[in-house]
Amino acid sequence: NAGVTQTPKFRVLKTGQSMTLLCAQDMNHEYMYWYRQDPGMGLRLIHYSVGEGTTAKGEVPDGYNVSRLKKQNFLLGLESAAPSQTSVYFCASKKTENTEAFFGQGTRLTVV
Amino acid sequence: AQSVTQLGSHVSVSEGALVLLRCNYSSSVPPYLFWYVQYPNQGLQLLLKYTTGATLVKGINGFEAEFKKSETSFHLTKPSAHMSDAAEYFCAVFYSSASKIIFGSGTRLSIRP
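First to last, the sequence lines map onto chains Z and Y.
Numbering-wise (my numbering), the first sequence opens with residue 1 and increments by one.
Numbering-wise (my numbering), the second sequence opens with residue 113 and increments by one.
Just so you know, these hints were derived from the structure itself, not from any lab.
Take these hints with a grain of salt, some might be off.
Taking CB as the label site, the calculated pair distances span [unchecked claim]:
id	chain 1	residue 1	chain 2	residue 2	range
1	Z	T86	Y	S209	29 to 35 Å
2	Y	R220	Z	Q17	30 to 36 Å
3	Z	P61	Y	S138	18 to 24 Å
4	Y	H194	Z	A56	39 to 45 Å
5	Z	M19	Y	A166	44 to 50 Å
6	Y	S222	Z	K14	34 to 40 Å
7	Y	P225	Z	A2	34 to 40 Å
Using N, Cα and C, we set each Cβ at its ideal position, and we do this for glycine too.
All chains should be modelled from the sequences, with the hints used to inform the complete structure.
This is the structure in structure tokens:
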């Protein structure tokens, strides 16, 4: 049982480049979330999804886009990377409202 | 507004001492509450959760937390700290109205020998 898998684990981008982070879960969860973690700021919600084909904005959505075409996958896109997007990105999924979220191991992204 | 506040970005206790990490949230209805732990360069692991029922919940590694609706708090405690408890701890709240999970800013726990 793989749980929540994030790809890639590390990436260095140049300013202006684009990339897509993939989150895959094999637990048939409905809810999926993308967060960024920065020192002293905890985890801030970027975008989330409550089911296949749905997406919604979180606290810090600017500069990011997402898609949930398949229930098991939640993609986070950066169209034109900026140094301010240097961060560790975490994906999480949960089955129902009152269950806990399961987290991936994170993607460390550096934009130079 | 949906917000989660963790008082103290860094808490240091002696080994064997009581651990108390504070969490307050904003909500007009009882939310679902969680505590997670993060060890260096790892993802987040669930410590415990409150959904319904008993307001004192027990988790892994000897941690427990009490949901106090009147104080909108969900503080995390452990009677006797161990060196292995050194980590960062996050309080999280699931807001049903928006299906969002909002995290506090985290508390880094250090244990002195």
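Go through the numbered hints given earlier and state which of them the structure violates, listing their numbers in rising order. none
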